[in-house]
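Undergrad: Protein chains in written order, with our numbering: chain A, 1 to 185; chain B, 186 to 370; chain C, 371 to 555; chain D, 556 to 740.
Hints were generated in silico from the structure; no laboratory data involved.
The beta carbon of each residue, even a glycine, is placed where N, CA and C say it ideally should be.
Be aware that one or more of the hints could be misleading.
As the list claims (entries may be wrong) - Reference excerpt, derived from the structure (chain B facing chain C, CB under 7 angstroms, subset only):
{"#": "1", "residue": "D206"}
{"#": "2", "residue": "G212"}
{"#": "3", "residue": "A213"}
{"#": "4", "residue": "V214"}
{"#": "5", "residue": "H215"}
{"#": "6", "residue": "L216"}
{"#": "7", "residue": "T269"}
{"#": "8", "residue": "D270"}
{"#": "9", "residue": "R289"}
{"#": "10", "residue": "G291"}
{"#": "11", "residue": "T293"}
{"#": "12", "residue": "S295"}
{"#": "13", "residue": "L307"}
{"#": "14", "residue": "P308"}
4 protein chains.
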Amino acid sequence: MTEPIPAELARRIKLVILDVDGVLTDGAVHLGQTQSGEVVELKRFDITDGLGVKLLMKAGIHVAIVSGRESAATALRARELGITDCYQDASARKLPLVETLMQRKGATWSEVAYLADDLADLPVLERVGLPAAVANAVAEVRACAVWTTNRQGGHGAVREFAEGLLRARGEWDRLVKEYRDARGS
Amino acid sequence: MTEPIPAELARRIKLVILDVDGVLTDGAVHLGQTQSGEVVELKRFDITDGLGVKLLMKAGIHVAIVSGRESAATALRARELGITDCYQDASARKLPLVETLMQRKGATWSEVAYLADDLADLPVLERVGLPAAVANAVAEVRACAVWTTNRQGGHGAVREFAEGLLRARGEWDRLVKEYRDARGS
Amino acid sequence: MTEPIPAELARRIKLVILDVDGVLTDGAVHLGQTQSGEVVELKRFDITDGLGVKLLMKAGIHVAIVSGRESAATALRARELGITDCYQDASARKLPLVETLMQRKGATWSEVAYLADDLADLPVLERVGLPAAVANAVAEVRACAVWTTNRQGGHGAVREFAEGLLRARGEWDRLVKEYRDARGS
Amino acid sequence: MTEPIPAELARRIKLVILDVDGVLTDGAVHLGQTQSGEVVELKRFDITDGLGVKLLMKAGIHVAIVSGRESAATALRARELGITDCYQDASARKLPLVETLMQRKGATWSEVAYLADDLADLPVLERVGLPAAVANAVAEVRACAVWTTNRQGGHGAVREFAEGLLRARGEWDRLVKEYRDARGS
C-alpha cells in the first residue's frame, strides 16, 4: 500500500464488514465426498487475519461478515474469530443484510467500511464511507474502492486492511503495544 | 488477454463446454483416507467462476461439463452451479459424450465453445467453432485454440472466458448491470 | 528444459521409479482431525501427471513408486495410476526396496530412471542410469541429477519428465497420436 | 539467505522452538464440515521440514513446538516428527510456556533459538539468543530477528533454518553424510 487510508474516512468507521470468498478466503472451495457418500467442503482461511480482526475489536470497531454463499466453513471461522454478526445469503443479495445490520448497530453509511472482491459486492460498496478492495478483486470493484490491499484474500488481506485502518486512525502502535505487553509479562 | 475473442465466432455460440481438471480446478486432486479407512477426495474450485457460468446462462447459452475422470467432487460442483449436463468418462473418451450432448441440444460444431487444457481434449477441440485454452494448457492444446485465458484453471479461468465471450458478443455490460441492479434495490 | 535427456541414456530405460513427496506431490501433507477424533491426511496430486505415467507404460516402460514415508494417500494414487509396484518405508531406506524391485523386473542399474527431490533419494540416485530431479529438489539432489524438470513436484513434474524421456527415445509423437486417435473416432 | 547465522550464536543453542501457524504451516487453516455436521480442520505441513527436525535432533539439539492456537493438526504433526514438547495456548501467551520448557530442559535464554512469524511471538523472540524469522513474518518480527529464511512457512522454512543452524555449527556435512550412509548400505 503506497497511499494510506484517508484519516478522516478511517476515524468515522464504527462497523467493518468483511466479504468471505476471495476476502477471508482465497476464493476457492475444496469440495468432495468420502467413500461412504459424506459431502465435505473446506475453505482456506488465513491465521494472521485473526489478529487483525481482534485488534479492530479492541479499537471498539464492530466487525461483521456478509457472504453471498452459504457455507458451514464460514460460520465456523466466524465463531473462532468471535464475530457474532455473520450473515449468509445464497442469492448474494447483500444490501438488505447490511441495512439490517446497520440499523441494529445504529451505524450510518459513512460509518461503515466494506472489504470486497466481486460484482455482488457493488451495491453495498457504492454506499459505504470506506469502500476497500482486495488485490484479487475484479476491475469493477477496484474502480469503486478508495483503497486496495497488496495482499490477496485468504493470504492476509484482512490483516493488512485492519492494520491500514488502525494506522490511519493513529491507533495501531498503541494496540500492538498493549497486545504485546499482555503477552510479555 | 490482449486480443478479444472474434465477435463473429462468439455470436454463434449456443453451447459452452467446460473441462474439469485443470479448467474448473487447478489440476490437483487432494486425496487421502481417514483413520478408519474412509477414502476422501477433494478438488479446488474457484468461487468467481460461478458468476461467470451464471451470466453465460443469463445470456441464453447452455453450459455443460465434460470430464475425462470420474469424481464425486465434479458432480457436486456442477449441481451448485446449476449445470445439469455433467458427463464424466473414466477413459477420457469425450468425443461421443459431446456428440450426444450436441444432438440433444440441437447444436452444430460451429455453435460450440470448448475450454480445455490437455491432450484428451484435442479431438473435441479440433471440431468446435470456438476452441479455447486455459493459461496452464499443454502446448498441443494452446496450438489448437483461437483464444487462451490469462488465468489458470481453478483460479478464475472460467470466469475470464465467460467475460471474454460475453464481451465479444456485446452482452457483458448489460448482464452485469442487470445482475447488479437486482442486488441493489 | 533447455537440454534434452541424452538419447543413449533414455533408450536404455526399462524401469522408471518415482518418489512421492515433492515429486508426485507438492511436498505438503494436509493433516487434521474431525470433531469426533478421526485423523485425516490428504496429499495433493497432479492430474496431468497421470497421462505421463500412462504413456510411459504404453511405451513398455515399467513404472514404480518408492516412498520414504507411509501414507494411505500414496497407495490410493498408485492404484488410480495403475501402478502395482508401490513401496513405502517409514525410515526412508529406499535402496533395498529398489534392489528387490530391480531383481523382480530383471533390470540393471543402467536401465533404471529415478525422479527425486531430497537427501533420502541420494543412495538410489547415485546408482541409476538416469538420475533426474524435480525443480524443487534440494541442492545435493540437483547436483547428482543429469536432468532437472522445470515444473515443481505435484505441479506436473512427472508429466514433464515422462514427456522428456519419451521425446529423447523418439516415441512421444507416435504415442500422443495413438492416444489422440483412440479418442477421436 | 546471503549471510550465514553467526557461528558463536549457533554453537550455544541447546533448544530450538518452532512456532506453528506460518512457520511449520503456510499460515492457513482449511476449515469445514461434513454433511452430517462433523467439523474438519486441516493444516498444510511441509515434508522436507521433517528431515530438518530430525537432523537437529541428531545434533543433540532439543526441538519443541509452541503454538498460540489449539489444533489437533499440530499435535498430530508433532507426534510424527517425534517432538514430545508440543505446547498450545489458545490465548497466544507463549512466554510462560517457553519459561516452563526452559526450566525443564535446563536451558538459559542464550541457548534458545526461536523461529517465528507474528506479533504474538515478540515477547519470546526478544529474549532468545537466536531470534529467527520466516520469509512471511510481519515487519515487527523481521526487525527483531537476527536471521530470516528465504522460504515461506509450510514451504520448507524449518528445513532451511535447520540447515542454516547446523551449517553455522559446522555440523551439516557430517550429519548429511551419516544420514546418507545409513541409507546407502
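Undergrad: Decide, hint by hint, whether the structure agrees.
TA: Verification of the hints:
Hint status for D206/B: holds, given a least beta-carbon distance of 4 angstroms to chain C, under 7 angstroms. Of the supplied interface hints, the one on G212/B holds, with its beta-carbon coming within about 5 angstroms of a beta-carbon of chain C, less than 7 angstroms. For A213/B, the interface hint holds, since its Cβ comes within 7 angstroms of a Cβ in chain C; the closest pair sits about 5 angstroms apart. Checking V214/B against chain C by beta carbon gives a least distance of about 5 angstroms; that is within 7 angstroms, so the hint holds.
A distance limit of 7 angstroms between C-beta atoms decides the matter here; for H215/B the minimum to chain C is near 4 angstroms, and the interface restraint holds. For L216/B, the suggested interface contact is upheld, since its CB lies about 5 angstroms from the closest CB of chain C, less than 7 angstroms. The criterion of a C-beta within 7 angstroms of any C-beta in chain C is not met by T269/B, whose closest approach is roughly 24 angstroms, and the hint is violated. Interface hint at D270/B: violated, since its Cβ lies 20 angstroms from the closest Cβ of chain C, which is beyond the 7 angstroms cut-off.
For R289/B, the interface hint is violated, since its Cβ never comes within 7 angstroms of a Cβ in chain C; the closest pair sits about 21 angstroms apart. A distance limit of 7 angstroms between C-beta atoms decides the matter here; for G291/B the minimum to chain C is near 23 angstroms, and the interface restraint is violated. The beta carbon of T293/B is not positioned within 7 angstroms of any beta carbon in chain C (closest approach about 18 angstroms), and the interface hint is therefore violated. The criterion of a C-beta within 7 angstroms of any C-beta in chain C is not met by S295/B, whose closest approach is roughly 18 angstroms, and the hint is violated.
Given hint, L307/B at the interface with chain C, holds; its Cβ is 5 angstroms from that chain's nearest Cβ, closer than 7 angstroms. Using the Cβ-Cβ criterion of 7 angstroms, the hint placing P308/B at the interface with chain C is satisfied: the shortest such distance is roughly 3 angstroms.
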